[in-house]
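Engineer: Fit chain E to the known structure of chain D by using the hints.
Going line by line, the protein sequences match chains D and E.
Mapping of the first sequence onto this note's numbering: residues 1 to 747, in sequence order.
Mapping of the second sequence onto this note's numbering: residues 1 to 747, in sequence order.
In case anyone wonders, no lab produced these hints; they're calculated from the structure.
Everything numeric in this text was worked out from a predicted model, so none of it was measured.
Warning: the hint list may mix true and false statements.
If several chains are the same, the list does not tell them apart, and a pair holds so long as it fits within one copy or across any two.
What the hints assert, rightly or not - Derived DSS-like pairs: lysine-lysine, alpha-carbon spacing no greater than 30 Å straight-line: (1) K716 x K350; (2) K270 x K682; (3) K682 x K629; (4) K716 x K271.
2 protein chains.
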Amino acid sequence: MLKKLLLFGLAGAAVFTVGILIGHFGIEQKNSTPLPEWVQQVAQDVDENFIEDFIAQVDSMQIKDNLEILTRVPHMATTAGDEATVEFMLKRWRDKDTGLDAAWREDYTVYLSFPDKTKPNNVTVVRGSDVLYHIREKEKTYFPEQDDPEVVQPYAAFGPAGNAEGKLVYANQGKVSDYELLNKTLGGLTGTIAIVRYGGAGRVDKGINAAPFGVVGVLVYTDPHDINDGKMSDVNETYPHSWYLPPSGVERGSFKTNFGDQLTPYLAAKKDTYRIEEKDITGVSPIPMQPIGFEDAQMLICELAGSEAPESWQGSFPCKYNFGGPGFKNTSRFNDCDVKLDVYNKAGLKDSANVMGVIWGSVEPDRYVIYGNHRDSWVHGAIDPSSGTAVMLEITRILGQKVKTGKWRPRRTLIFGSWGAEEFGLIGSAEYAEEYISKLSQRTVAYINVDIAVFANATLRASASPVAQDVIFTASKQVKIPGPESISVYNNWMKHSNRTSPTYGVIPNMGYLTGAGSDYAAFMHYLGISSMDIAYTYDRSKTSARIYPAYHTAYDTFDYVNRFIDPGFTSHQTVARTAGNVLLRLADSILLPFKCSDYAETLEQYLNVSVQNFEAELKNNGIFMDSLKEAVKSFQAAAQSLEKIISSSDVLNNSPLKARRINDQLMLLDRAFLNPLAFPDKYAFRHVIWASRSSSVATFPGVADAVAKAMKSGLKQDWAQAHKHLSIVTQAISGAAHTLSEAHSAL
Amino acid sequence: MLKKLLLFGLAGAAVFTVGILIGHFGIEQKNSTPLPEWVQQVAQDVDENFIEDFIAQVDSMQIKDNLEILTRVPHMATTAGDEATVEFMLKRWRDKDTGLDAAWREDYTVYLSFPDKTKPNNVTVVRGSDVLYHIREKEKTYFPEQDDPEVVQPYAAFGPAGNAEGKLVYANQGKVSDYELLNKTLGGLTGTIAIVRYGGAGRVDKGINAAPFGVVGVLVYTDPHDINDGKMSDVNETYPHSWYLPPSGVERGSFKTNFGDQLTPYLAAKKDTYRIEEKDITGVSPIPMQPIGFEDAQMLICELAGSEAPESWQGSFPCKYNFGGPGFKNTSRFNDCDVKLDVYNKAGLKDSANVMGVIWGSVEPDRYVIYGNHRDSWVHGAIDPSSGTAVMLEITRILGQKVKTGKWRPRRTLIFGSWGAEEFGLIGSAEYAEEYISKLSQRTVAYINVDIAVFANATLRASASPVAQDVIFTASKQVKIPGPESISVYNNWMKHSNRTSPTYGVIPNMGYLTGAGSDYAAFMHYLGISSMDIAYTYDRSKTSARIYPAYHTAYDTFDYVNRFIDPGFTSHQTVARTAGNVLLRLADSILLPFKCSDYAETLEQYLNVSVQNFEAELKNNGIFMDSLKEAVKSFQAAAQSLEKIISSSDVLNNSPLKARRINDQLMLLDRAFLNPLAFPDKYAFRHVIWASRSSSVATFPGVADAVAKAMKSGLKQDWAQAHKHLSIVTQAISGAAHTLSEAHSAL
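The following block holds chain D by itself, in its conformation from the complex (with noise of 0.2 Å):
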């Protein structure tokens, strides 16, 4: 009995033991779980697998297919062509198996400007009364694309009306110092027209630099040296024979200095919102401007007389550029004669949409990460915007298929903006941070802009806020470039342009988003959100074009894509899975893959271009330095401290609030370099660190152009707003490295 009790009793405590562990282990299975399905939910980190199956799905055809439909008509801002990708993309985002969480339009009354249809712009040379020669108001057709009649005369954007008619001067680039010296040369400018080839100076400044000195009005051109690597003729060489410019091309363009709608500084320009008057605007050319193509351009530039304009004034036109008598040669079947400008632009208001689009997060649906592109092109953009809206769509899809099906939703929310007017000053990105600043500050993680996905088809490109470079390098060590080399976009990219770091070693050279070049420019500049802009680039070894030689011209068409950019898509594709994956990354992560420490490191070697450039000049006006070295220092220590703190944490065995916690701090790192009254004649931009820079020394912008100033000027108080720009930066510095510390320190 008693065996048989023992027996019993150790069957009993086997029976009891079962019970405990099915008690403990079984029931923690099933929803009556004493784990909250919470606590599971938020310890859910980015799931590899899942990116590797989003990089394998991304379908180069899908990206084709879209790029063929965003093309098929031009569509510049607010035209029915632009109304025609809005419904595209309303209709993609909204779509039930591959859409978006929901989708929708928001419009601005945005003030835009164009040539008159019924009075082109108008650019002759003559004597008198007499008209010798037209300039081509249109491109050349070779395909019916260019027949379009919705593709818009090449124009000065923003460019005043106005009549101007004067003797032809060459004026380089159009920079102050080319006016300089061609003043200087002549004895005299007033009263004449001036012809400057693209780069070097802003468009419009090409004509508000010429104004001081009587220059009554400017023709802007494309010179082949620039961007056809001297290639010049269309029997053989350029478009649609290569990648290269038709001698009739012309680079449309925004003629106008600060980004946003003009007439609502600050304000999101809706029906009735306060606006300033015309008359008001700044950053505009005093004069009227007109692009024109380089083959008229070499007709009058190689006539012009005059002594010989320097070597580096000098293009690929068969001929000496001299700097113009003022007027052309003697010689010259255009002796004695005048250039005329007659533009008829007219600006006013129009309403413009962006294309909104989201999928909602399931942890921190307040956390946002946007990713966006403008639509709205000069022609049929299929280049620019629209191979970076193909690449966006494609992205789109696969993620709203995944979501529609149930089988993924983001830790935090995805919105997707399809940016309005992009190419009359980033207007929709920019009235969409004014409407949104408050939300937008205080929840997005990041803003990755993919505009011109694929500039040409060699390597990859980043710019961005150095707390992004690791996201970007984890990316694009991930993802292989196109073709049988099996060899990372990393590896790729840093064959093709690299740096050494004083932590990495040779790493790829990112670089940073210090001007306004795209839609970033608003998240950036004026938000303080940690930014991107990714794209595929040149390969610089077989090229020294500008840009892509189709810029803003009427040939930037899905054949010019197909067949020279892009063959396959596959760089695009590339893009698709190198920008997705960051986003998937930043949307994912318990943790956002954001690393201060390479804060740290850009702040050290910006301030050690100071040092070196600025030190000694600052001692010698009793302005130290000795407090913006010790802000770095300071940020180096707190950036190493949080990293330590990240390295150590168990997030998933914490709560997530600690999590959360130093994700804030990440998120808002680059929002505590802003100050809104530090750069009062640069609208929007409030970033003391990418702010633009005229000074062509790389570092803290304020600092650099002060000081240029003051070394130029010698004026006292030139050297005291040197000296208020290095208070600025310290303390700016020093306030971001407070936000970096750790919460349980002394503030």
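Structural biologist: Relative to chain D, chain E alone:
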């Protein structure tokens, strides 16, 4: 056997079940539980018992002791007395039994103005070189305190040094309209000295307004009508017989417009920070000023010639207040005399300290509740500011003890600030805000200011951002007023001051923080941090005193408080209980006790006032208020929807990220109203709802002031500015509404 087996089977089943139960529930109780500790920790809500215990522990005698120590010597900013209070605060906050987690000092090098001890300011009545009368240099001594050599001579801080002589005129309160009337009446004020009384206009404005009329110096005094309910005699009426100001008492003060250090706008005043030149300081008087006692003022005013000033200009002196001839009556012994000001104020850089203390948060250390008060006084400063400091020290004593004994740690971090140089224009708090702008903006939940804790012993008075109304009400309902009546602070407050709310009916009348009266300014206006200012104040049926009579004089002493303001220190105790209660609720509640619908009610009220006062005139000028109305409506809707989410949220059984999301919306609500470019002429005022306002119409300040200007001038450009401010506030309100709307809704 079968039966046995069945029995054993049943027993086994029972044992098995018990096993399951132990496995399921039993193990949860222990440390090896599957429910991580942090899950319980994050679900710990505010503890009402703890608050009751806190209330019980607030000890009036401790507060009295604190005050006695704090007021032993004069402690004007940067003097030896100030340094002694720095040491005292540090000692208390570092006490091993009752101190905080950490305490430290932070010094700024700031621009302060003092009289010259070796050459006191001097006001005389002169006839040629004969001096007929000397205004007294120091206040009369009733107790040894007034004889302390560290009692600073009355002076107008930041008023310029200079010698001014001229005929005396009486200019009422020194408002622009006062000088206009006087100027018209006398046919010119060039070369005169004006005497004006405190009230009606800011201190410095009395000088700034005077100068354009040719006035060369200004005397300021406190009329017994405005401060003493007419009482004048120190034989039996004024202190030391009552709380009323003795005849020789002089209100000192800061005579400047902008808050913060004047030489380092928007930059923390470190040693080598960029400083503007002294000549570029704005917002100071161009002419010498000097404050005097009413005994001397009576001597001058009652001798003035000229016609009788209007009824509203008359005060309590037993004579008619005339305008002045200019100058004195023929019949006066001062006939033909000038009044002469010799002001020797000197300004320069001094090091001023903030003392900071902290209790680190357990669950959300990166969320800060800041509680502060300034430490510096003009003389002994028993009420201003030491009553507030005595209260703060009692709060930190109780909470410090709880932390040191391991009984409590707040969910969020508590920061205590003892600000320096407030009396010189809120300098310590402003420099702190400038230095830590990013960290504070990102993390601060609220700022609680208790400067003068007890003006008088009648009732609570609170001014705050509307989101904080609810938590102040909750706290004040829980605390009883002093004395035998068992009535809540809330009900007593409602008895003294109330309003009818559309939502709640009759409630206490909480004020708004529309000015820069104390250290909340940098938090509320510059950083957009929801702020509160809490005190005990007058029974308005018993006194019309502009402020407590000893304000900024040598009579604001411990004796004055102990005998007249708060014998027994029970009003101090009540303020400590109420403000401490607010602090604890903000620190410990899982969901922040902020109510955005109360903000909506305020915005609606402001909108209604704007519509009533401005809509017709705006319409006449082609400006419409529809968008503003829509913005307010969208804010109301968003606030309601957020409160629905809050009330339906089961925060205890949800991811803490859900509460954090809502808390971020509430914490950042005031931030959404910031616009750093809205008021370019108002230093550091960025909050478009609460910025200072000149117009008497209590509504959106930018709109109110711009419309007032436009209505006066009728100029088109002034109406354009009104439109601009309408757009600015519209965008701010709709932007704030966006931040409140659910994450899962269109942006």
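Engineer: All hints, please: hold or fail.
Structural biologist: These are the hints, each one checked on the structure:
Only between protomers do K716 and K350 lie at most 30 Å apart by alpha-carbon distance; the minimum there is 25 Å, versus 47 Å within a single protomer. Proximity of K270 and K682 under a CA criterion of 30 Å is satisfied in both settings, with 23 Å inside one chain copy and 27 Å between copies. Taking CA atoms no more than 30 Å apart as the test, K682 paired with K629 passes inside one copy only; the shortest distance there is 26 Å, against 33 Å between copies. In the homo-oligomer, the alpha carbons of K716 and K271 lie at most 30 Å apart only across protomers (20 Å), although the nearest pairing inside one protomer, at 47 Å, exceeds that limit.
The structure agrees with every numbered hint stated previously.
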